[in-house]
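So the protein lines, in turn, are chains A and B. Numbering of the first sequence is given in our numbering, commencing with residue 1 and proceeding in unit increments. Numbering of the second sequence is given in our numbering, commencing with residue 1001 and proceeding in unit increments.
These are calculated hints, taken from the structure and not from any lab test. One should not assume that every hint holds.
[Said to hold, decoys possible] Not the full set, but computed from the structure, chain B residues with beta-carbon under 7 Å of chain A:
1. PRO1032
2. LEU1208
3. GLY1225
[What the hints assert, rightly or not] Now the stretches of chain B that chain A is said to cover, found in silico as 3 or more residues with beta-carbon under 8 Å:
4. 1001-1010
5. 1056-1065
6. 1212-1223
7. 1226-1239
The beta-carbon is built from N, C-alpha and C at its ideal position, and this holds for glycine as well.
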Amino acid sequence: MSSFPPLLQVFLYGLLTALATGLGAVPFAFARTISPRTLAYTSALASGLMLGASFGLLSEGADLGRLATLVGANLGVLFVLAAGRLLGDHELQFGAIRGEDARKMALIVLVMTVHSVAEGVAIGTAFAGGTSLAVVITAAIAVHNIPEGLAISAVLRPRGVSLAACAGWSILSSLPQPLLAVPSYLFVESFQSLLPYGIGFAAGAMVFMVLVELLPDAFETGRRSVIALLVSIAMVAMVLFQQTL
Amino acid sequence: MEPILVVLAFATLSAFMAPIGVLPLRTRQAVPSAWIGWANSLAAGFMLGTAYLLAEIALIGHPVRAAVGGLLGIGYAYLSHLASGVEDVDLNRLEDVDPLYGYRILFVGGLHGAMEGLAIGLAMLESLPFGILVALALAVHNIPEAAILGSVLRSAGLGVSRTAGLAVAANVGQVLFAVVAFAVVPAIPGLLPWALGFAAGGLSYLVLSELLPQAYERAGPVSIGLVTSVATGFVVLLGGLAG
């Protein structure tokens, strides 16, 4: 890929990481029947993965500017609050699915897409430091994206979305990565100062989505102790995964 | 003041916040249900923020030890819930309470106290201002806990002042654990990242298994989500200032 001009390289690497997100749907190929309990436990899994990812984002943002990160986080909370209301006001259709389920599915795709914006900026600014580490950075981000696809699929699949569509929505949610990587590579200085806000926004949106949509769902049908175990173990696994890779 | 006395003082102060939760009993028999939900989510946010700050320190240089410590903390909290039979019991009930329920409340209070004490002691090791922040953040959790315990004891016919005294006594474990953690952990080389991870994992599990599900039963998810996330962010911000 090094024969391509740098700008195209940044885009292509960003695209590769987006495609990796689709791999997150794969584990659901093996799930046959999906009961209300399964929905509770997949919500718990998605919650843990998203909380773990937010942890990584927050600590990254804190290094760049703790206050800016938290301002961003509060904006992220408001964003999910507003988006949840707006989506609830419209008669939504998500594939063949309508009503409350459709609202929830649209919201998770939206939140994860918005969170990819911050990641795209992170890729672009990282590449601006030189493309010598490009492969390493790309591989790391691509691997990070797989559990994010898993989180999306864990919400969509139990509500009747097909496997291919789960992979498709996962990839779609990561498309802002290549799209944003390019301008932030070009205008690295102005984007770098926005990065902590963006990172905070992504973390705040994900945490709030977990607290308002996913966890209440999970606790409604699943056993409390099992959900708590699933969420906390998935969270630790995600944090370890991100810190060591 | 000697650092260990600072630990003792603030862990004790945190335990003495408990009687605030008993105060409403002087005028009314019970607090409104939604208030208990919000108090729980405030405590959940403060605990999550504390867990975040502890994990942040633990992960520097030792991600694997911190993560394994976290899993041990989760496992410990899960098993002790399981062993005491409280894992799926609503511990915020104010009506139809019996002595067994009262013992369970006390037991869970003790379990929380141990985790919170550990967190305070470890945070004090990082820096005293950070430790004081954690002690104050976790003190908030003792208030709704005492409100629940208080209404159980009141329904058993106990006076308000004795109820307040017992609410403090239920948190003595916290003081003990804070002081012991502060004194013992640095004496054992390499233990710190494990211990930090353990406390962070244990606190997260307690939030997820008790505080949040109980909060959702008493107030809407939006208000619970807002209180929890803002409280978490507040502690994370102050943690940055306290170093």
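For each hint, the structure was consulted:
1. At about 20 Å, the closest approach between the beta carbon of PRO1032 (chain B) and any beta carbon in chain A exceeds 7 Å, and the interface hint on this residue is violated.
2. At about 4 Å, the closest approach between the beta carbon of LEU1208 (chain B) and any beta carbon in chain A falls short of 7 Å, and the interface hint on this residue holds.
3. The interface hint given for GLY1225 (chain B) is met, as the beta carbon of that residue sits about 4 Å from the closest beta carbon of chain A, less than 7 Å.
4. Coverage of the region 1001-1010 of chain B by chain A is violated. Counting CB-CB distances below 8 Å, 0 residues qualify, and the rule asks for three or more.
5. Three residues within the 8 Å Cβ limit are the bar, and the region 1056-1065 of chain B against chain A gives 4, so the coverage statement holds.
6. Residues of the region 1212-1223 of chain B lying with their CB closer than 8 Å to a CB of chain A number 5, which satisfies the three-residue condition for coverage.
7. Coverage of the region 1226-1239 of chain B by chain A holds. Counting CB-CB distances below 8 Å, 8 residues qualify, and the rule asks for three or more.
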